[in-house]
Amino acid sequence: MSIFDLFRDNSKTPKSAHVAKERLKVIVAHERHQRNAPDYLPALQRDIMDVIRKYVDIGPEQLQVDINEEGNYSILEVNVNLPK
Amino acid sequence: MAKIVVITSGKGGVGKTTSSAAISMGLALRGHKTVVIDFDIGLRNLDIIMNCERRVVFDFVNVIQQEASLNQALIKDKRCDNLYILPASQTRDKDALTKEGVKKVLDDLAEQFEYIVCDSPAGIEQGAQMALYYADEAIVVTNPEVSSVRDSDRILGILQSKSFRAENNQPPVREHLLITRFDPERVARGDMLDVPDIEEILAIPLLGIIPESQAVLNASNKGMPVVLDEKSDAGQAYLDTVARFLGEDKPHRFLEAQRKGFLKRVFGG
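Sequence order for the protein chains is V and Y.
Heads up, the first sequence is in my numbering, so the first residue is 135 and it goes up one at a time.
Heads up, the second sequence is in my numbering, so the first residue is 12 and it goes up one at a time.
Incorrect hints may have been included.
What the hints assert, rightly or not - One-sided excerpt, in silico: chain Y residues whose CB lies under 8 Å from chain V:
id, residue
1, V157
2, V160
3, D164
4, G168
5, E178
6, G201
7, D202
8, M203
9, V206
10, E210
11, I215
Said to hold, decoys possible - Here are a few chain V residues that face chain Y, going by a calculated C-beta distance under 8 Å:
id, residue
12, K149
13, S150
14, A151
15, V162
16, H164
Claimed, not checked - With a straight-line cut-off of 25 Å between C-alpha atoms, the simulated SDA-like cross-links for lysine to any residue are:
id, chain 1, residue 1, chain 2, residue 2
17, Y, K89, Y, A226
18, V, K159, Y, S172
19, Y, K173, V, P176
20, Y, K110, Y, K89
21, V, K155, Y, E196
22, V, K155, Y, A226
FYI, nobody ran anything at the bench for these hints, they're computed from the structure.
This structure is a prediction, so every number in the text was calculated from the model and none was measured.
Glycine included, every Cβ here is placed at the ideal spot set by N, Cα and C.
All chains should be modelled from the sequences, with the hints used to inform the complete structure.
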């Protein structure tokens, strides 16, 4: 920090280290989740996608397939966003 | 019982070989008979960092393929009687490493040594997986930077699922975080991830913090593990790291930004 920095407005832009931490938290949590998912999940997602596409044209970002562990059972969660 | 310690990271260029050289020399200086193995088949570099590149006759792959005996391939360090180096092959590729072959060499080494330090190659392929497979402890080298932290998390996932211990339902590999190239001034400015940020994301115990230091390049230029430069900040930080690894309680140092003089504060720089 020098006298020249006083003329710059740093208050509005968050510090890059803070941005780094937030981005890392999101991606690391996402990748850990994927790592713990069963091996068949990507194939299952592809098959569900193919079935829906027979009827409605959707893109990969409009389908979310997740498996969540809840005690001694798992929940298969399928989210499809259909276009209007 | 010999302890197998892997120095790993996923990402390249974060300081695995520097750390392997420093930590193995540090263990040897503390009186423990130590061998350090270069697992980077085809791209050996531990030898040049340890200043024994001209003494390599046989290598790790020669031993695995029974073209040489272990004692023919081991290179004794000239500075410390307790330290030996097992160099990687420069001509073969990483598929020369098999689980059975590596196990045989590690078992033979375990009869002679207290610590077996495995210097992992970058990446998550065969070479890296072989380096960590039989580990009892893992030192995960991480820079305060997004790609390095992400890759460290990835390698932790592999340690927890694909190591011998994980596959055989044994107690898990003990994980340690080693942060290298840490620059307190950039942290103070908010331009670099701080130690607690990295600890929070990776959620493994912190073993050491090595400051960004001129001494590291100087040491590698000369082929001298940086712990032998006892006056340097990085050398001391590695010696502290080794002491903590051996169970001593040492406070972390070199975390404060250097206080700048008046002129520097006014004019920057």
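Hint-by-hint comparison with the structure:
no.: 1; hint: V157; verdict: holds, 5 Å
no.: 2; hint: V160; verdict: holds, 6 Å
no.: 3; hint: D164; verdict: holds, 5 Å
no.: 4; hint: G168; verdict: holds, 5 Å
no.: 5; hint: E178; verdict: violated, 16 Å
no.: 6; hint: G201; verdict: holds, 3 Å
no.: 7; hint: D202; verdict: holds, 6 Å
no.: 8; hint: M203; verdict: holds, 5 Å
no.: 9; hint: V206; verdict: violated, 11 Å
no.: 10; hint: E210; verdict: violated, 11 Å
no.: 11; hint: I215; verdict: violated, 12 Å
no.: 12; hint: K149; verdict: holds, 3 Å
no.: 13; hint: S150; verdict: holds, 6 Å
no.: 14; hint: A151; verdict: holds, 5 Å
no.: 15; hint: V162; verdict: holds, 5 Å
no.: 16; hint: H164; verdict: violated, 11 Å
no.: 17; hint: Y:K89 / Y:A226; verdict: holds, 21 Å
no.: 18; hint: V:K159 / Y:S172; verdict: holds, 21 Å
no.: 19; hint: Y:K173 / V:P176; verdict: holds, 20 Å
no.: 20; hint: Y:K110 / Y:K89; verdict: violated, 31 Å
no.: 21; hint: V:K155 / Y:E196; verdict: holds, 18 Å
no.: 22; hint: V:K155 / Y:A226; verdict: violated, 29 Å
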